[in-house]
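K.L.:
One letter stands for each residue in the lines below.
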Amino acid sequence: MNQAFALQCPIPISDYPTITLAHGGGGKLSQMLIERMFVPAFANPELEILHDGAVLSLSVAVEMGEGRGSRLALSTDSYVISPRFFPGGDIGALAVHGTVNDLAMCGARPLYLAAGFVLEEGLPMDELWRIVQSMAAAAQAAGVRIVTGDTKVVERGKGDGIFINTAGVGVIPPGVQIAPKRAQPGDLVLINGPVANHGIAIMSVREGLTFETAVESDSAPLNGLVEMILAAGGEAVHVLRDPTRGGVASSLNEIAASARVGIRLDEARIPVLEEVAGACAILGFDPLYVANEGKCLAIVAPEAAEAVLAAMRSHPLGRDAAVIGQVVAEHPRKVYLRSRIGGLRVVDMLSGEQLPRIC
Amino acid sequence: MRFVDEYRREADARKFLTAIERLVTREWTIMEICGGQTHTLIKSGIDRMLPPQITLVHGPGCPVCVTPLELVDRAIAIARRPEVIFTSFGDMLRVPGSAGQAFETASTSGAWRGAQDLLSVKAQGGDVRMVYSPLDAVKLAQKHPDRQVVFFAVGFETTAPGNAMAVWQARQMGLTNFSILCSHVLVPPAMHAILGAPDNRVQAFLAAGHVCTVMGYWQYEPIAAQYRVPIVVTGFEPLDLLQGLYMAIKALEEGRYGVENQYIRAVTRAGNRAAQQLVAEVFEVCDRPWRGIGVIPASGYRLRAEYAAFDAERRFGVGDVTAQESPLCIAGQILQGLKKPHECRAFGRECTPEHPLGAPMVSSEGACAAYFNYGRT
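Note that the protein sequences, when read in sequence, are chains B and C.
Take the first sequence: its position 285, counted from the start at 1, is 285 in my numbering, and no numbers get skipped.
Take the second sequence: its position 94, counted from the start at 1, is 94 in my numbering, and no numbers get skipped.
One should not assume that every hint holds.
Taking lysine-lysine and the DSBU-like style, the derived pairs with C-alpha atoms no more than 35 Å apart in a straight line are [what the hints assert, rightly or not]:
#	chain 1	residue 1	chain 2	residue 2
1	C	139	B	158
2	C	122	B	158
3	B	334	C	339
Stretch by stretch, here's where chain B covers chain C in the computed footprint (C-beta under 8 Å, at least three residues) [what the hints assert, rightly or not]:
#	segment
4	2-9
5	30-44
6	299-312
Just so you know, these hints were derived from the structure itself, not from any lab.
Built from N, CA and C at the ideal position, the CB exists for glycine as well.
The whole structure should be built from the sequences, with the hints applied where relevant.
P.N.:
Structure representation (structure tokens):
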């Protein structure tokens, strides 16, 4: 974390150790929260105007598109994760990474975020401060600015500590055409590293499971990695997707359905950390269905796959990148997997939640 | 991963498959008892890699699948009570009770299907919690002396020691707010029922490795002798199953019967005596209804009279709750190996993992869910 953020909580804890309804009331306490906590933490000229909305320059879009051909991408997501702090991240960093990644998967360079907070009366002020600091650090690392926001407080029992909504705007450079329906037979399926870390990290904290090695969430901003992928592959990069809830299996099923193609995976090539594989085996989970927050599936024309793989591997978030499968003309809309022992099976969409089995 | 990767090597799998191909001279029907084994067979694709003469039928060893529907109704009735914290392993939570069953035909298709399961009781405000061990439920009872904590104790001999330990501990602690809703079942009586049926097709068994880890395999020796069938105690990894199948087919081809142990890294003939003693201390053998099959004599456990205070059915007076199965569901025939899931008329139509008519479509270990999820349609 950046040193500048590691200051003490700026709201006098002795006066307000927890969030009260008045912090969302629009009066002095609301103002104090904004001026002493949010604005200094997220510090940027757009936010410091403290207007009802942020006024953004279009110069980046204009420069990127040399005057024409660039497009805006807009995305929003709400974060309600429990627990709020988990190995490898927290709800604040996740709220930044999630929306940054959604924009990046459109082929966009994320620029600005808006943040809406729904706080529950009684949330410790210190926790909010830690979450805000974490958001600020995550935004800085991802190269985005949090330029506007909103805070509401709900009565005790009407929320779960804190919910965060982030919305983001990014610019797609001319020539970049990323869409699930562009997957075509022959394309290769790449991923930037081991799957299922986030889901297993959350599960182990939530359920009090302890393993010999603590599994950390992979929560990370993928926009830097995506820029390298696009630089290496250009228009040969057909689809990008971050396999969050529902995991790799659900994302690939959506892509197969959208593009009316089949996808063939090779189980032996799908990277899974040993401790994650162990946890999945104990719980009866299939890592292909477990959530990720720092993974990127790239579907790339075969002639560019080697260059894209090399580019991914040169990025810190892609050191363990691998080709895990191929798009095929057979079995349209279906994902098949070649098992480790050479058998073949369908990988379907997840039905409901994965539930741990009895024995 | 150690102890896993070794059992998933393709080169070794090929060797077993080649050896099996060389062995087979005629058609054989083999049943794997345990739902975990069914899952591995289908998930790793072994069912499609075997020579065509080998037919695998899937046994009744899925605890979720054989738990009677009325037990699910009783669980729901208890879980709705405001003083109760109802605890269960994860995959029992999604089994619909009879109120949520879709008794529908093609003409009423699209009618309301209320998924009345334990998860929906939770959504409606019931305190239903997923636990990983019955001992966690005992801890909850200690922590909440003002609440009644109930654990849904289902399963085969594998889960019986843990459930026995929970009840035993609760009595040691003097807890008066802990009880179990018990529906334990036993493998050997089910094998008798299958082998003794006039339309039986099964010629050899892969016995469930985890059950045998607890109970040993001496109990299977009289079964093998009485019905002259080979029984191979088998593990759960792909290579375990291939080796178990190889051993079973070799015995069939050579005309041998008896019990063999493939799963030597976990199973001994005598089993885990400490676990068996604890089970015998807390439970006694009783007749049990099996979902889709009916009552099998001496096929389950119930709490001994000394532990009756921990019986949730008695405590909450739900013993008279009964239920009606969907007439479309052929779970009983599936669980006895008489039919394959895709031979059911409702499979993939009225009955899917989202709207299961019967338990084999709910549990991840159920044969119907395995066929559906891994594309055996």
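K.L.:
Quick check: do three or more residues in the segment 299-312 of chain C have a beta carbon closer than 8 Å to a beta carbon of chain B?
P.N.:
violated (count 0)
K.L.:
Between the alpha carbons of residue 139/C and residue 158/B, is the straight-line distance 35 Å or under?
P.N.:
holds (28 Å)
K.L.:
Three residues minimum, CB to CB under 8 Å: does the segment 30-44 of chain C make the cut for coverage by chain B? Let me know.
P.N.:
Result for this restraint: holds, n = 4.
K.L.:
Hey, residue 334/B versus residue 339/C, does the alpha-carbon distance stay inside 35 Å?
P.N.:
Measuring from Cα to Cα gives roughly 26 Å; hence the hint holds.
K.L.:
Is the coverage entry for the segment 2-9 of chain C by chain B consistent with the three-residue Cβ rule at 8 Å?
P.N.:
holds (count 3)
K.L.:
Does residue 122/C pair with residue 158/B here, judged by a C-alpha cut-off of 35 Å?
P.N.:
Distance of about 17 Å is within 35 Å: holds.
Violated hints amount to a single one, hint 6; each of the other numbered hints is respected by the structure.
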